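Student: Sequence:
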Amino acid sequence: MRKYLLTLLTLVLCASGIAQESELEKYKKMQQKDINQWKQERDAELDAYKARVEKERKEWQEYVKSVRGKWGEFSDTTPKTWSNYGNDLNSLGKVDFDNNKVEIAALVETDDPKKAEALIQKQLEILLNEKEQGTNKKFMENQIAFDKAKAEDEKKFLEKQKEFDEMRIIIEKKATEDKRILEEKRNAEMKKLELEKIALEKKKADDQAKLEEQKKLQEQKALLEKKELELKKRMDEEKALIEKIESEKKKELKAKKDKEEEKQIKAVNDSNSKEFIKEKLKDNVTKEVVVGEDGKARTKYTVTLEMVPNSVQKRAENYLDMVQKYSEKNGLDPSLVLALIHTESAFNPKAFSRRPDGTPMACGLMQIIPSQAGRDAHKALFGSDKIVESDYLFDPENNLNMGTWYLKNLTKWWNNYEKKNFGKISSVEKNEFYAISSYNQGMGTILNKAYKKHQLIDKSEEETYQILITENNVPKEGRDYLKRVAERKKLYKKD
1 MRKYLLTLLT LVLCASGIAQ ESELEKYKKM QQKDINQWKQ ERDAELDAYK ARVEKERKEW
61 QEYVKSVRGK WGEFSDTTPK TWSNYGNDLN SLGKVDFDNN KVEIAALVET DDPKKAEALI
121 QKQLEILLNE KEQGTNKKFM ENQIAFDKAK AEDEKKFLEK QKEFDEMRII IEKKATEDKR
181 ILEEKRNAEM KKLELEKIAL EKKKADDQAK LEEQKKLQEQ KALLEKKELE LKKRMDEEKA
241 LIEKIESEKK KELKAKKDKE EEKQIKAVND SNSKEFIKEK LKDNVTKEVV VGEDGKARTK
301 YTVTLEMVPN SVQKRAENYL DMVQKYSEKN GLDPSLVLAL IHTESAFNPK AFSRRPDGTP
361 MACGLMQIIP SQAGRDAHKA LFGSDKIVES DYLFDPENNL NMGTWYLKNL TKWWNNYEKK
421 NFGKISSVEK NEFYAISSYN QGMGTILNKA YKKHQLIDKS EEETYQILIT ENNVPKEGRD
481 YLKRVAERKK LYKKD
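Using our numbering, you'd call the opening residue of the sequence shown number 1 and step up by one each time.
Just so you know, these hints were derived from the structure itself, not from any lab. Predicted model only: the values in this text are computed from it and were never measured. Take the hints with a grain of salt, since some may be wrong.
List time: in silico EDC-like cross-link candidates among lysine to aspartate or glutamate, alpha-carbon distance up to 20 Å [said to hold, decoys possible]:
1. 122 <-> 112
2. 300 <-> 283
3. 494 <-> 429
4. 173 <-> 328
5. 122 <-> 103
6. 162 <-> 487
7. 251 <-> 166
8. 412 <-> 458
The task is simple: from the sequences and hints, build the whole structure.
Tutor: Take a look at the structure:
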(Lines of atoms letter the chains of each structure in order from A; the text may use other names.)
(Lines give C-alpha, C1' and ligand atoms only; values in the text may rest on other atoms or scores of the structure.)
Protein backbone atom coordinates (compact mmCIF):
# COMPACT_ATOMS: atom_id res chain seq x y z
CA MET A 1 0.00 0.00 0.00
CA ARG A 2 2.81 2.35 0.97
CA LYS A 3 4.62 1.57 -2.29
CA TYR A 4 1.44 2.36 -4.21
CA LEU A 5 1.05 5.75 -2.44
CA LEU A 6 4.66 6.69 -3.19
CA THR A 7 4.20 5.79 -6.86
CA LEU A 8 1.00 7.85 -7.01
CA LEU A 9 2.70 10.84 -5.35
CA THR A 10 5.59 10.63 -7.80
CA LEU A 11 3.19 10.62 -10.75
CA VAL A 12 1.32 13.62 -9.35
CA LEU A 13 4.56 15.59 -8.86
CA CYS A 14 5.75 14.70 -12.36
CA ALA A 15 2.43 15.80 -13.84
CA SER A 16 2.65 19.05 -11.89
CA GLY A 17 6.20 19.60 -13.15
CA ILE A 18 5.13 18.93 -16.73
CA ALA A 19 2.25 21.37 -16.34
CA GLN A 20 4.59 24.05 -14.94
CA GLU A 21 7.10 23.41 -17.69
CA SER A 22 4.32 23.68 -20.23
CA GLU A 23 3.27 27.09 -18.83
CA LEU A 24 6.89 28.28 -18.91
CA GLU A 25 7.32 27.11 -22.48
CA LYS A 26 4.07 28.82 -23.40
CA TYR A 27 5.31 32.09 -21.88
CA LYS A 28 8.64 31.77 -23.70
CA LYS A 29 6.91 31.17 -27.00
CA MET A 30 4.66 34.20 -26.49
CA GLN A 31 7.67 36.31 -25.63
CA GLN A 32 9.55 35.09 -28.69
CA LYS A 33 6.49 35.78 -30.83
CA ASP A 34 6.41 39.39 -29.57
CA ILE A 35 10.14 39.77 -30.31
CA ASN A 36 9.72 38.35 -33.80
CA GLN A 37 6.77 40.66 -34.47
CA TRP A 38 8.77 43.67 -33.27
CA LYS A 39 11.67 42.68 -35.55
CA GLN A 40 9.32 42.27 -38.50
CA GLU A 41 7.77 45.70 -37.89
CA ARG A 42 11.21 47.28 -37.46
CA ASP A 43 12.52 45.67 -40.66
CA ALA A 44 9.35 46.63 -42.56
CA GLU A 45 9.72 50.25 -41.40
CA LEU A 46 13.37 50.31 -42.48
CA ASP A 47 12.57 48.68 -45.84
CA ALA A 48 9.80 51.20 -46.49
CA TYR A 49 12.19 54.05 -45.65
CA LYS A 50 14.90 52.66 -47.94
CA ALA A 51 12.35 52.34 -50.75
CA ARG A 52 11.28 55.98 -50.25
CA VAL A 53 14.89 57.14 -50.23
CA GLU A 54 15.76 55.18 -53.37
CA LYS A 55 12.69 56.53 -55.21
CA GLU A 56 13.51 60.09 -54.18
CA ARG A 57 17.17 59.65 -55.13
CA LYS A 58 16.29 58.44 -58.64
CA GLU A 59 13.74 61.25 -59.14
CA TRP A 60 16.35 63.79 -58.01
CA GLN A 61 18.93 62.39 -60.45
CA GLU A 62 16.43 62.68 -63.31
CA TYR A 63 15.60 66.24 -62.24
CA VAL A 64 19.30 67.19 -62.13
CA LYS A 65 19.80 65.69 -65.59
CA SER A 66 16.89 67.75 -66.97
CA VAL A 67 18.23 70.99 -65.43
CA ARG A 68 21.77 70.41 -66.70
CA GLY A 69 20.34 69.66 -70.12
CA LYS A 70 19.29 73.32 -70.35
CA TRP A 71 21.61 75.20 -67.96
CA GLY A 72 24.79 73.15 -68.22
CA GLU A 73 25.00 73.13 -64.41
CA PHE A 74 22.80 72.53 -61.37
CA SER A 75 22.31 74.57 -58.20
CA ASP A 76 20.82 72.45 -55.43
CA THR A 77 19.04 73.41 -52.22
CA THR A 78 21.38 73.09 -49.21
CA PRO A 79 21.05 73.72 -45.47
CA LYS A 80 21.58 77.47 -46.05
CA THR A 81 20.35 78.01 -49.61
CA TRP A 82 17.09 77.38 -51.44
CA SER A 83 16.99 76.91 -55.21
CA ASN A 84 13.89 76.82 -57.40
CA TYR A 85 13.91 76.27 -61.16
CA GLY A 86 10.21 76.89 -61.76
CA ASN A 87 7.88 74.44 -63.47
CA ASP A 88 9.44 74.72 -66.93
CA LEU A 89 13.10 74.91 -65.80
CA ASN A 90 13.53 78.23 -67.65
CA SER A 91 14.17 80.37 -64.56
CA LEU A 92 16.18 80.05 -61.34
CA GLY A 93 15.54 81.65 -57.98
CA LYS A 94 18.38 81.07 -55.52
CA VAL A 95 18.24 82.43 -51.97
CA ASP A 96 21.47 82.45 -49.98
CA PHE A 97 20.24 82.79 -46.39
CA ASP A 98 23.76 82.77 -44.96
CA ASN A 99 25.04 85.70 -47.03
CA ASN A 100 21.72 87.53 -47.46
CA LYS A 101 21.74 87.44 -51.26
CA VAL A 102 19.11 86.46 -53.82
CA GLU A 103 19.92 85.55 -57.41
CA ILE A 104 17.21 85.36 -60.07
CA ALA A 105 18.07 84.13 -63.55
CA ALA A 106 16.18 83.48 -66.78
CA LEU A 107 17.17 81.27 -69.70
CA VAL A 108 15.89 82.13 -73.18
CA GLU A 109 16.43 80.40 -76.50
CA THR A 110 17.28 83.69 -78.25
CA ASP A 111 18.44 87.06 -76.98
CA ASP A 112 14.97 88.26 -75.89
CA PRO A 113 15.05 90.84 -73.02
CA LYS A 114 11.23 91.06 -72.77
CA LYS A 115 10.85 87.31 -72.37
CA ALA A 116 13.70 87.25 -69.84
CA GLU A 117 12.00 90.02 -67.83
CA ALA A 118 8.73 88.07 -67.77
CA LEU A 119 10.53 84.91 -66.59
CA ILE A 120 12.41 86.80 -63.87
CA GLN A 121 9.18 88.45 -62.74
CA LYS A 122 7.46 85.06 -62.58
CA GLN A 123 10.34 83.54 -60.61
CA LEU A 124 10.28 86.44 -58.14
CA GLU A 125 6.56 85.83 -57.61
CA ILE A 126 7.30 82.16 -56.93
CA LEU A 127 9.85 83.16 -54.25
CA LEU A 128 7.56 85.72 -52.64
CA ASN A 129 4.58 83.36 -52.49
CA GLU A 130 6.33 80.17 -51.36
CA LYS A 131 4.84 79.05 -48.05
CA GLU A 132 6.54 77.29 -45.17
CA GLN A 133 5.37 73.79 -44.35
CA GLY A 134 3.16 73.74 -41.27
CA THR A 135 2.93 77.47 -40.57
CA ASN A 136 1.75 78.37 -44.11
CA LYS A 137 3.68 81.66 -43.89
CA LYS A 138 5.18 83.35 -46.95
CA PHE A 139 8.71 83.26 -45.61
CA MET A 140 10.33 85.41 -48.36
CA GLU A 141 7.84 88.25 -48.17
CA ASN A 142 9.59 91.49 -47.10
CA GLN A 143 12.97 89.72 -47.03
CA ILE A 144 14.38 91.35 -50.20
CA ALA A 145 15.41 95.02 -50.05
CA PHE A 146 13.78 97.23 -52.69
CA ASP A 147 16.72 99.63 -52.60
CA LYS A 148 20.12 99.20 -51.03
CA ALA A 149 20.02 101.21 -47.82
CA LYS A 150 22.61 103.89 -47.19
CA ALA A 151 25.06 103.04 -44.41
CA GLU A 152 23.74 105.87 -42.22
CA ASP A 153 20.09 104.87 -42.73
CA GLU A 154 20.89 101.22 -42.10
CA LYS A 155 22.64 102.14 -38.85
CA LYS A 156 19.60 104.15 -37.67
CA PHE A 157 17.31 101.31 -38.68
CA LEU A 158 19.29 98.68 -36.75
CA GLU A 159 19.44 100.94 -33.68
CA LYS A 160 15.65 101.33 -33.78
CA GLN A 161 15.25 97.59 -34.18
CA LYS A 162 17.48 97.08 -31.14
CA GLU A 163 15.15 99.29 -29.08
CA PHE A 164 12.20 97.10 -30.04
CA ASP A 165 14.19 93.96 -29.19
CA GLU A 166 14.98 95.35 -25.74
CA MET A 167 11.28 96.08 -25.21
CA ARG A 168 10.46 92.49 -26.19
CA ILE A 169 13.02 91.20 -23.67
CA ILE A 170 11.39 93.30 -20.93
CA ILE A 171 7.97 91.77 -21.79
CA GLU A 172 9.41 88.25 -21.73
CA LYS A 173 11.30 88.82 -18.46
CA LYS A 174 8.13 90.15 -16.81
CA ALA A 175 6.18 87.07 -17.93
CA THR A 176 8.98 84.74 -16.77
CA GLU A 177 9.10 86.40 -13.35
CA ASP A 178 5.29 86.30 -12.99
CA LYS A 179 5.32 82.59 -13.84
CA ARG A 180 8.15 81.97 -11.36
CA ILE A 181 6.21 83.65 -8.56
CA LEU A 182 3.10 81.71 -9.55
CA GLU A 183 5.04 78.43 -9.52
CA GLU A 184 6.44 79.20 -6.05
CA LYS A 185 2.92 79.91 -4.84
CA ARG A 186 1.65 76.68 -6.39
CA ASN A 187 4.46 74.65 -4.81
CA ALA A 188 3.87 76.18 -1.36
CA GLU A 189 0.12 75.49 -1.45
CA MET A 190 0.62 71.99 -2.87
CA LYS A 191 3.13 71.23 -0.11
CA LYS A 192 0.65 72.41 2.51
CA LEU A 193 -2.07 70.16 1.07
CA GLU A 194 0.34 67.24 0.89
CA LEU A 195 1.27 67.65 4.57
CA GLU A 196 -2.41 67.67 5.49
CA LYS A 197 -2.92 64.47 3.47
CA ILE A 198 0.03 62.80 5.25
CA ALA A 199 -1.41 63.78 8.64
CA LEU A 200 -4.77 62.26 7.65
CA GLU A 201 -3.09 59.02 6.55
CA LYS A 202 -1.38 58.75 9.94
CA LYS A 203 -4.70 59.13 11.71
CA LYS A 204 -6.30 56.51 9.49
CA ALA A 205 -3.50 54.08 10.32
CA ASP A 206 -4.33 54.28 14.02
CA ASP A 207 -5.85 50.88 14.91
CA GLN A 208 -7.79 52.46 17.75
CA ALA A 209 -9.66 54.82 15.44
CA LYS A 210 -13.38 54.15 15.34
CA LEU A 211 -15.27 53.37 12.13
CA GLU A 212 -17.05 56.72 12.28
CA GLU A 213 -13.74 58.50 12.65
CA GLN A 214 -12.33 56.58 9.66
CA LYS A 215 -15.31 57.67 7.56
CA LYS A 216 -14.77 61.28 8.59
CA LEU A 217 -11.08 61.07 7.71
CA GLN A 218 -11.94 59.63 4.30
CA GLU A 219 -14.27 62.57 3.64
CA GLN A 220 -11.54 65.02 4.70
CA LYS A 221 -9.09 63.31 2.33
CA ALA A 222 -11.58 63.56 -0.56
CA LEU A 223 -12.02 67.26 0.25
CA LEU A 224 -8.24 67.80 0.20
CA GLU A 225 -7.96 66.03 -3.16
CA LYS A 226 -10.74 68.24 -4.51
CA LYS A 227 -8.89 71.34 -3.25
CA GLU A 228 -5.73 70.05 -4.92
CA LEU A 229 -7.47 69.72 -8.29
CA GLU A 230 -9.05 73.16 -7.90
CA LEU A 231 -5.66 74.63 -7.04
CA LYS A 232 -4.04 73.08 -10.11
CA LYS A 233 -6.85 74.33 -12.32
CA ARG A 234 -6.67 77.85 -10.86
CA MET A 235 -2.90 78.02 -11.21
CA ASP A 236 -3.03 76.72 -14.79
CA GLU A 237 -5.61 79.37 -15.63
CA GLU A 238 -3.43 82.09 -14.07
CA LYS A 239 -0.40 80.82 -16.00
CA ALA A 240 -2.42 80.78 -19.25
CA LEU A 241 -3.51 84.38 -18.54
CA ILE A 242 0.12 85.47 -18.01
CA GLU A 243 1.10 83.82 -21.31
CA LYS A 244 -1.88 85.38 -23.10
CA ILE A 245 -0.97 88.87 -21.87
CA GLU A 246 2.66 88.26 -22.90
CA SER A 247 1.58 87.08 -26.36
CA GLU A 248 -0.74 90.06 -26.90
CA LYS A 249 1.94 92.54 -25.82
CA LYS A 250 4.49 90.94 -28.14
CA LYS A 251 2.03 91.00 -31.06
CA GLU A 252 1.32 94.67 -30.41
CA LEU A 253 5.06 95.39 -30.21
CA LYS A 254 5.74 93.47 -33.44
CA ALA A 255 3.05 95.46 -35.26
CA LYS A 256 4.73 98.71 -34.15
CA LYS A 257 8.13 97.33 -35.13
CA ASP A 258 6.91 96.30 -38.60
CA LYS A 259 5.30 99.69 -39.12
CA GLU A 260 8.50 101.47 -38.14
CA GLU A 261 10.47 99.14 -40.40
CA GLU A 262 8.26 99.98 -43.40
CA LYS A 263 9.07 103.67 -42.90
CA GLN A 264 12.82 103.11 -42.88
CA ILE A 265 13.49 100.12 -45.15
CA LYS A 266 11.46 99.42 -48.26
CA ALA A 267 11.10 95.68 -48.89
CA VAL A 268 9.77 93.71 -51.86
CA ASN A 269 6.31 92.17 -51.72
CA ASP A 270 3.53 91.18 -54.14
CA SER A 271 2.30 94.76 -54.52
CA ASN A 272 5.61 96.25 -55.71
CA SER A 273 7.43 93.28 -57.30
CA LYS A 274 6.74 94.29 -60.94
CA GLU A 275 7.99 97.84 -60.33
CA PHE A 276 11.01 96.39 -58.54
CA ILE A 277 12.00 94.07 -61.41
CA LYS A 278 11.69 96.84 -64.02
CA GLU A 279 14.03 99.02 -61.94
CA LYS A 280 16.55 96.23 -61.41
CA LEU A 281 16.64 95.17 -65.05
CA LYS A 282 17.59 98.70 -66.17
CA ASP A 283 21.16 98.58 -64.93
CA ASN A 284 21.57 95.59 -62.64
CA VAL A 285 21.43 92.68 -65.06
CA THR A 286 24.22 90.49 -66.39
CA LYS A 287 23.95 88.56 -69.62
CA GLU A 288 25.90 85.55 -70.87
CA VAL A 289 25.56 82.67 -73.30
CA VAL A 290 25.43 79.21 -71.70
CA VAL A 291 25.51 75.83 -73.37
CA GLY A 292 23.39 73.08 -71.88
CA GLU A 293 24.33 69.42 -71.80
CA ASP A 294 21.85 69.03 -74.66
CA GLY A 295 24.33 71.00 -76.80
CA LYS A 296 22.09 74.05 -77.30
CA ALA A 297 23.25 77.61 -76.64
CA ARG A 298 20.90 79.88 -74.66
CA THR A 299 21.08 83.38 -73.23
CA LYS A 300 21.11 83.68 -69.45
CA TYR A 301 19.95 86.91 -67.77
CA THR A 302 20.81 87.30 -64.06
CA VAL A 303 19.95 89.86 -61.39
CA THR A 304 21.52 89.76 -57.93
CA LEU A 305 19.50 91.24 -55.08
CA GLU A 306 20.25 92.27 -51.50
CA MET A 307 18.14 91.09 -48.60
CA VAL A 308 16.99 93.55 -45.92
CA PRO A 309 19.63 94.39 -43.26
CA ASN A 310 17.90 92.39 -40.51
CA SER A 311 16.77 89.43 -42.63
CA VAL A 312 18.24 86.76 -40.31
CA GLN A 313 16.65 88.41 -37.30
CA LYS A 314 13.29 88.65 -39.08
CA ARG A 315 13.38 84.94 -39.88
CA ALA A 316 14.45 84.08 -36.33
CA GLU A 317 11.49 86.05 -34.95
CA ASN A 318 9.11 83.66 -36.70
CA TYR A 319 10.29 80.86 -34.41
CA LEU A 320 10.93 82.60 -31.09
CA ASP A 321 7.76 81.36 -29.39
CA MET A 322 8.28 77.79 -30.65
CA VAL A 323 11.92 77.83 -29.52
CA GLN A 324 10.85 79.12 -26.10
CA LYS A 325 8.21 76.40 -25.82
CA TYR A 326 10.45 73.44 -26.69
CA SER A 327 13.51 74.82 -24.87
CA GLU A 328 11.42 75.08 -21.71
CA LYS A 329 10.05 71.57 -22.27
CA ASN A 330 13.59 70.13 -22.48
CA GLY A 331 15.32 72.36 -19.94
CA LEU A 332 17.48 74.10 -22.56
CA ASP A 333 18.64 77.69 -22.90
CA PRO A 334 16.63 79.24 -25.80
CA SER A 335 19.69 81.26 -26.86
CA LEU A 336 21.58 77.97 -27.37
CA VAL A 337 18.79 76.55 -29.56
CA LEU A 338 18.59 79.76 -31.63
CA ALA A 339 22.39 79.80 -32.08
CA LEU A 340 22.33 76.17 -33.17
CA ILE A 341 19.54 76.80 -35.73
CA HIS A 342 21.42 79.85 -37.01
CA THR A 343 24.52 77.68 -37.52
CA GLU A 344 22.70 74.67 -38.97
CA SER A 345 20.38 76.44 -41.41
CA ALA A 346 20.47 80.25 -40.99
CA PHE A 347 16.70 79.87 -40.36
CA ASN A 348 16.17 78.53 -43.89
CA PRO A 349 12.75 76.82 -43.78
CA LYS A 350 13.70 74.79 -46.88
CA ALA A 351 17.03 73.58 -45.41
CA PHE A 352 17.94 70.21 -46.89
CA SER A 353 21.11 68.20 -47.43
CA ARG A 354 21.97 65.28 -49.69
CA ARG A 355 24.84 62.94 -50.32
CA PRO A 356 26.61 63.46 -53.67
CA ASP A 357 24.52 60.67 -55.23
CA GLY A 358 21.31 62.48 -54.24
CA THR A 359 20.44 60.38 -51.19
CA PRO A 360 18.35 62.66 -48.92
CA MET A 361 19.83 63.32 -45.49
CA ALA A 362 19.13 66.11 -42.98
CA CYS A 363 15.92 68.16 -43.08
CA GLY A 364 14.61 71.43 -41.67
CA LEU A 365 15.76 74.10 -39.27
CA MET A 366 17.73 71.84 -36.92
CA GLN A 367 18.86 69.50 -39.73
CA ILE A 368 17.38 66.25 -38.45
CA ILE A 369 18.26 63.01 -40.28
CA PRO A 370 15.02 60.96 -40.33
CA SER A 371 16.68 57.55 -39.92
CA GLN A 372 18.95 58.68 -37.06
CA ALA A 373 18.01 61.52 -34.69
CA GLY A 374 14.48 61.59 -36.14
CA ARG A 375 13.93 57.91 -35.42
CA ASP A 376 15.34 58.14 -31.87
CA ALA A 377 13.23 61.21 -31.15
CA HIS A 378 10.02 59.64 -32.48
CA LYS A 379 10.50 56.58 -30.29
CA ALA A 380 11.15 58.71 -27.19
CA LEU A 381 8.40 61.28 -27.83
CA PHE A 382 5.65 59.07 -29.25
CA GLY A 383 6.59 55.55 -28.11
CA SER A 384 6.82 53.97 -31.55
CA ASP A 385 9.69 53.05 -33.85
CA LYS A 386 9.05 55.21 -36.92
CA ILE A 387 11.19 56.88 -39.55
CA VAL A 388 9.33 60.06 -40.42
CA GLU A 389 9.21 61.50 -43.94
CA SER A 390 11.02 64.68 -44.95
CA ASP A 391 7.80 66.71 -45.12
CA TYR A 392 7.18 66.00 -41.45
CA LEU A 393 10.52 67.59 -40.54
CA PHE A 394 9.95 70.66 -42.73
CA ASP A 395 7.17 71.63 -40.32
CA PRO A 396 9.08 73.80 -37.80
CA GLU A 397 6.91 72.61 -34.90
CA ASN A 398 7.91 68.98 -35.53
CA ASN A 399 11.52 69.86 -36.26
CA LEU A 400 11.98 71.87 -33.08
CA ASN A 401 10.20 69.25 -30.99
CA MET A 402 12.57 66.53 -32.23
CA GLY A 403 15.70 68.68 -32.45
CA THR A 404 15.48 70.04 -28.91
CA TRP A 405 14.77 66.54 -27.58
CA TYR A 406 17.86 65.24 -29.35
CA LEU A 407 20.04 68.10 -28.05
CA LYS A 408 18.81 67.47 -24.50
CA ASN A 409 19.45 63.75 -24.96
CA LEU A 410 23.09 64.56 -25.79
CA THR A 411 23.48 66.53 -22.55
CA LYS A 412 22.02 63.55 -20.65
CA TRP A 413 24.34 61.11 -22.43
CA TRP A 414 27.42 63.04 -21.31
CA ASN A 415 26.15 63.36 -17.74
CA ASN A 416 25.44 59.62 -17.57
CA TYR A 417 28.85 58.77 -19.05
CA GLU A 418 30.70 60.93 -16.52
CA LYS A 419 28.64 59.78 -13.56
CA LYS A 420 29.20 56.12 -14.47
CA ASN A 421 32.95 56.47 -15.09
CA PHE A 422 33.99 59.18 -12.65
CA GLY A 423 31.20 59.44 -10.07
CA LYS A 424 30.78 63.14 -10.89
CA ILE A 425 29.61 65.33 -13.76
CA SER A 426 30.95 68.43 -15.50
CA SER A 427 29.47 71.90 -15.11
CA VAL A 428 26.47 72.93 -17.19
CA GLU A 429 28.72 75.05 -19.43
CA LYS A 430 31.17 72.19 -20.13
CA ASN A 431 28.31 69.77 -20.71
CA GLU A 432 26.90 72.23 -23.23
CA PHE A 433 30.21 72.30 -25.12
CA TYR A 434 30.17 68.48 -25.33
CA ALA A 435 26.56 68.48 -26.56
CA ILE A 436 27.14 71.17 -29.22
CA SER A 437 30.19 69.37 -30.60
CA SER A 438 28.38 66.02 -30.50
CA TYR A 439 25.38 67.47 -32.35
CA ASN A 440 27.70 68.10 -35.28
CA GLN A 441 30.26 65.27 -34.99
CA GLY A 442 28.59 62.58 -32.88
CA MET A 443 29.40 61.49 -29.32
CA GLY A 444 31.96 58.87 -30.39
CA THR A 445 34.17 61.35 -32.25
CA ILE A 446 34.26 63.85 -29.37
CA LEU A 447 34.71 61.12 -26.74
CA ASN A 448 37.55 59.30 -28.49
CA LYS A 449 39.34 62.17 -30.20
CA ALA A 450 39.19 64.88 -27.54
CA TYR A 451 37.53 63.92 -24.25
CA LYS A 452 39.62 60.85 -23.35
CA LYS A 453 42.86 62.21 -24.81
CA HIS A 454 42.73 65.40 -22.74
CA GLN A 455 40.83 64.05 -19.69
CA LEU A 456 38.26 66.81 -20.03
CA ILE A 457 36.50 65.76 -16.82
CA ASP A 458 39.31 67.55 -14.93
CA LYS A 459 39.56 70.63 -17.14
CA SER A 460 38.01 74.05 -16.57
CA GLU A 461 35.29 75.49 -18.83
CA GLU A 462 37.78 77.66 -20.74
CA GLU A 463 40.33 74.85 -21.10
CA THR A 464 37.60 72.50 -22.38
CA TYR A 465 36.39 75.04 -24.93
CA GLN A 466 39.91 75.76 -26.21
CA ILE A 467 40.69 72.05 -26.58
CA LEU A 468 37.45 71.36 -28.48
CA ILE A 469 38.06 74.21 -30.95
CA THR A 470 41.77 73.45 -31.50
CA GLU A 471 42.18 69.65 -31.22
CA ASN A 472 43.27 68.58 -34.73
CA ASN A 473 41.93 65.05 -34.28
CA VAL A 474 38.45 66.57 -34.25
CA PRO A 475 37.52 67.46 -37.88
CA LYS A 476 37.78 71.17 -38.71
CA GLU A 477 34.04 71.31 -39.37
CA GLY A 478 33.40 70.25 -35.77
CA ARG A 479 35.91 72.70 -34.30
CA ASP A 480 34.46 75.61 -36.28
CA TYR A 481 30.92 74.52 -35.48
CA LEU A 482 31.38 74.86 -31.71
CA LYS A 483 33.04 78.24 -32.18
CA ARG A 484 30.18 79.56 -34.31
CA VAL A 485 27.43 78.30 -32.01
CA ALA A 486 29.18 79.68 -28.92
CA GLU A 487 29.64 83.10 -30.56
CA ARG A 488 26.10 83.23 -31.92
CA LYS A 489 24.64 82.25 -28.57
CA LYS A 490 25.83 85.64 -27.28
CA LEU A 491 23.71 87.35 -29.97
CA TYR A 492 20.54 85.70 -28.69
CA LYS A 493 21.32 85.78 -24.97
CA LYS A 494 19.04 87.99 -22.91
CA ASP A 495 20.90 90.27 -20.53
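Student: For every hint, state whether the structure bears it out.
Tutor: Results of checking the hints against the structure:
{"no.": "1", "hint": "122 <-> 112", "result": "16 Å, holds"}
{"no.": "2", "hint": "300 <-> 283", "result": "16 Å, holds"}
{"no.": "3", "hint": "494 <-> 429", "result": "17 Å, holds"}
{"no.": "4", "hint": "173 <-> 328", "result": "14 Å, holds"}
{"no.": "5", "hint": "122 <-> 103", "result": "14 Å, holds"}
{"no.": "6", "hint": "162 <-> 487", "result": "19 Å, holds"}
{"no.": "7", "hint": "251 <-> 166", "result": "15 Å, holds"}
{"no.": "8", "hint": "412 <-> 458", "result": "19 Å, holds"}
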